[in-house]
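Peer 1: Each protein sequence line maps, in turn, to chains R and E.
Here the first sequence stands for residues 1 to 111, where the numbers follow this note's numbering.
Here the second sequence stands for residues 112 to 225, where the numbers follow this note's numbering.
Certain hints may be false.
Mimicking DSSO-like on lysine-lysine, the simulated pairs with C-alpha atoms at most 27 Å apart in a straight line are [what the hints assert, rightly or not]: (1) Lys-152/E to Lys-3/R; (2) Lys-110/R to Lys-152/E; (3) Lys-175/E to Lys-125/E.
Just so you have them, the derived chain R footprint on chain E, three or more residues with Cβ under 8 Å [claimed, not checked]: (4) 157 to 171; (5) 207 to 213; (6) 216 to 223.
The hints are simulated quantities; they were obtained by calculation from the structure and are not laboratory data.
Using N, Cα and C, we set each Cβ at its ideal position, and we do this for glycine too.
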Amino acid sequence: DAKTTQPPSMDCAEGRAANLPCNHSTISGNEYVYWYRQIHSQGPQYIIHGLKNNETNEMASLIITEDRKSSTLILPHATLRDTAVYYCIVRVRDAGNMLTFGGGTRLMVKP
Amino acid sequence: GAVVSQHPSWVICKSGTSVKIECRSLDFQATTMFWYRQFPKQSLMLMATSNEGSKATYEQGVEKDKFLINHASLTLSTLTVTSAHPEDSSFYICSASYLGDTQYFGPGTRLTVL
Chain R
1 DAKTTQPPSM DCAEGRAANL PCNHSTISGN EYVYWYRQIH SQGPQYIIHG LKNNETNEMA
61 SLIITEDRKS STLILPHATL RDTAVYYCIV RVRDAGNMLT FGGGTRLMVK P
Chain E
112 GAVVSQHPSW VICKSGTSVK IECRSLDFQA TTMFWYRQFP KQSLMLMATS NEGSKATYEQ
172 GVEKDKFLIN HASLTLSTLT VTSAHPEDSS FYICSASYLG DTQYFGPGTR LTVL
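Turn these sequences into a full structure, and let the hints steer you where they fit.
Peer 2: Shown next as structure tokens:
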């Protein structure tokens, strides 16, 4: 699986949009971009994933550049409960293909 | 939908004893389950991958005789830590997926070995 690069930490004001970047310049054509987050002492929570097109669900939006070498996860109105470590992972959707977790971005939402 | 549970959520045991952790997919069939371990202030590290009805595939450096994994049904996988020692104290997390689709994670089990 392609490696990803994320900033180690970010701050965001409560109520504002949080934009979390991820670089995956070596992504292959059949690799998806997945985002998970881990709140302290809990298992990771799935947020969203995409291949080429931008995606939106009730939690977030995922913007993937046209060349697919980078993406941005957008939390439109961050709350204190969104404070967590956010992981950007690229993987092929294969039955045995595990997720490889890097360091992620520690997002701190401040009042 | 896509709920994965783990039991117990935390366990304390004496050195030398064995501990079993259960992972269940509650609303979907998990053809593949994964077991991860996370030490404090570190990221998740994959321990093993198991497909229903097959032997688990362990990552390099993970002792298969110490960490016994059973995936006997499409909704249940178990991880048994045999002869646990203090260095096995960690946060153990399972995930489940159906035919390579999105992985969903359990809430984790915190193991403390005294």
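Peer 1: Which of the numbered hints above does this structure break?
Peer 2: Of the numbered hints, all hold.
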